[in-house]
Amino acid sequence: MISPDSKTADASSDAVVRVRNLTVELPIYSAESRSFKQSLLSTEIGGRLLSMRHGPLRVRALTQLDLDLRPGERLGVMGHNGAGKTTLLRALAGVYPPTQGSVEVDGDVATMFDIGLGMDIEANGRENIFLLGYSRGLDPAHIRSKIDEIATFSGLGPYLELPVKTYSSGMASRLAFAVATSFQPDILLMDEWISTGDQDFMKKAEARLFELLEQSRVMVFASHSAELIERTCTRFMILSHGQIALQGPVSELQDAIQRTRATLEQSGEAAQ
Amino acid sequence: MTGLQTIAGGMRRWRFWTFLAWQDIKQRYRGSVIGPFWTVGHLALTIAGIGFLYSGLMNISQDGYFPFLAAGLLFWFLISSTVVDATNAFPQAGSILRQSSVPPIIFPLRIVVRNLIVFGHNMFVFVVVAVIFGTTPDPLPLLFTFPLLLVNLAWLSILVALMSARYRDLGQLISQLMGFFLFVTPIFWVPSAVSGFRSAYVLYNPFAHFLEIVRAPLMGEAPAGISIAVCSALAVIGWAVAVFALIRHQRKVVFWI
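Going line by line, the protein sequences match chains A and B.
With the UniProt record's numbering, letter number 207 in the first sequence gets 207, and the count goes up by one each step, no holes.
With the UniProt record's numbering, letter number 97 in the second sequence gets 97, and the count goes up by one each step, no holes.
Each computed DSSO-like pair below joins lysine-lysine, with the alpha-carbon atoms no more than 27 Å apart:
| no. | chain 1 | residue 1 | chain 2 | residue 2 |
| --- | --- | --- | --- | --- |
| 1 | A | 204 | A | 165 |
| 2 | A | 146 | A | 204 |
| 3 | A | 146 | B | 26 |
| 4 | A | 165 | A | 203 |
| 5 | B | 26 | A | 165 |
| 6 | A | 165 | A | 146 |
Don't read these hints as lab results, they were simulated from the structure.
If we strip away everything but chain B, and leave its shape as in the complex, we get (with noise of 0.2 Å):
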């Protein structure tokens, strides 16, 4: 089987990685009586905190903040999330890639199911505080836009799996980046409020437009042309870099974890 075959056929054995998706989430029930609601409280919880008090340092209704804030920080919550866990993929799958002959590739998509499943719950936050502040979401642009930025997250997670699982070091370095680039993303603050030579905050930040093609919907606003160029650009690009990186390096793997 060439590199190429055994990603396509990781690929088709979808209903393999949704499995393990769906035991990652059981096991959270597991002994627990609330599971994944544990994040759909935490969201909660920032929602309100951040909510009433950066409302009132940035000056700005609380009506148009808070289903901002809760859009924000709902796909944040899956990508960085998606990015975090990723770089575990394949230490925890060790009993599995050692055991058989299975493409690598299942587990990074595995790591995005999960977060998807996690996202599903999530999502009731956001209907609550859309709710309470009479925002009318938009979902047609969804259709494309939220396939377009798991497409995205997929080749993100595979290469952070694969470096994370050759390089240990990094895979701590990624998870504090994603604490960095909770604060330099416009998830706290509204894009507009920055003019300038800060406008590269949103401009060179890919999470920045990967963000803005999902919470703008939601908001009930078309997402910026930009942006879905920039994620379709991105799409292309990062899944190219992904397929080389697999194909040099899947078969080696097994020895790094």
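Extracted from the complex, chain A is given alone in its bound form (with noise of 0.2 Å):
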């Protein structure tokens, strides 16, 4: 049951997620463009338009970025801390808009980023699964009749009832992929932390994934590890700088990285 990979986009009218030419820049507020006072001091003193002189330092994460996924395509990314994997991530999520170009996603996205990000950690795990149905637009009714199932699958059973701040993490990271896998997202978001269960519930989540994914969904998942990768995922991509440095089916993820390092280690030498 492994769907034919493709490297190229060639017919993107099947593709549930679209990505052209997507740029995103992160403008960083710093504490002095943030104040009030400040712009206020800067205008009066300085005579200038704030956007001009005084524009929030922008970060370029993704430039010029083209991205096609079909239904059961699971696409992992790799790449050194700030080479926009996240930023990928957060752009398909909708959290990030894009500078420039297009994100076109079709369907029900379910996203798992950083562990607790999007729970109160005050409130019990059964007013958490409602939060994180509600940010996914999903109606009560529709969360109600999952919560045995989540309390089931994510073996927190009565636990649900305590605070999330008593849980661990393991507890926290299985909730959070509970609910996410849960109500059946078409497409699914993960940022690295999958690893953080215990090896039962890994062999659990992993079945979990492929099940979901003979649905004909789509999954992106940002990870360092090569192996995890090969093991969930049909296509990998290498982003580098905010760019697609390589990208292809996982059967040459090993090559790809092989490749990388050497360039790596090149560019190492030449920089002394």
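Put the two chains together into one complex; each comes in its own frame, and the hints tell you how they fit.
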């Protein structure tokens, strides 16, 4: 049940995720530019428009990226810290607006970025299931119908009545994973931490991911672990400085990593 | 999705913002024996303390002054804590906004609902005062004027939330301004006591009009026509500005928090 790998964006009509020429710049509002007093003072003293001279510092996190994902495809995104992995995930989730280009996503998106993100640690597990469900735009009846399933799958059972702040990080991530996958998202976006659960849960989680993907769903998974990507994904992408350095089917991943290492070593030598 | 669709979508997800508001209230009850009844106690104490003192200072009968003060403070708590809470609406929602694409309007609306629930607790104090001093409210106009107040609080909450998220100092300034308005708005003093240039405090103060349309019915009086007109106009203008500001800035909110 492995769908054909596709490297190039030929027929994009059936793609569930279409990214064209995507550039994302992140404005950094420093303490000075954020303060109202400062901008008031600087307009008075400098007499210049803020947007011209005192606009926020911008960091270009992604540059002219194209991506198509068809039903059943699982993309593993690799790259150094700051290469743009998380920015890509957030742009796909609609959290970061494109500075240029476009992101089109058809269907319901579930995200798992940082542990605890999107949760209220003071509230109990059950309330957090509602919180995460509402954040995804689900209605309460739908959320309620899945609570038992989530309690069983996450193995949290009666712990759902306790505040999330009393959970271990493994318990919290199991809850987030169970919620993200129980409502059958069309697109699942994950940032690394799936590996924080224990061994037994990891097996369950992987089994569930494959189950989801058999129903023609799409996953994008950012990770440092080539081994994990090879096991769970169909395609890989290596990001470097916000651009695609290499991409292809996972069968070529090891090869690509060797080449990237070689390139890095060369550039390292060149730097010395 | 266009900006307007995002706003409409956020308003339609009222279950989400009311859920968040109730979570906030539950949070106040957690680990606290009386939870939001702390504000009830605060309100009751303020009314008792100020009531005896100011009715003497201004030489007005306690029978009229206490219900006036109780009704004024009841609504003032609603208005002022909505505005003050709104300064933190987006930073408070940071973990949700960074995780998924959620229409930002949800969070200022949650602030309004949260304070409406607290208002429900505070009503208790007014009922007690009204019974003691024999005031008969005229609830019929409230069916129109109370929603009108809430509609005004909603745009105010949206604008305050946006401005305070973008400029952190502004949040502090707005919180302090509400302390200032407590004294220049007819809450402790009756509007009829001012004349001449001082009537500007009543005429050009939007909060005085917000209060008038809901306080008068509680006192068994008809709200002033001018106040209803001002509040209606403010609702239209305020929402126009709020929608415009959201369309321009709502996608940037995630960068501000």
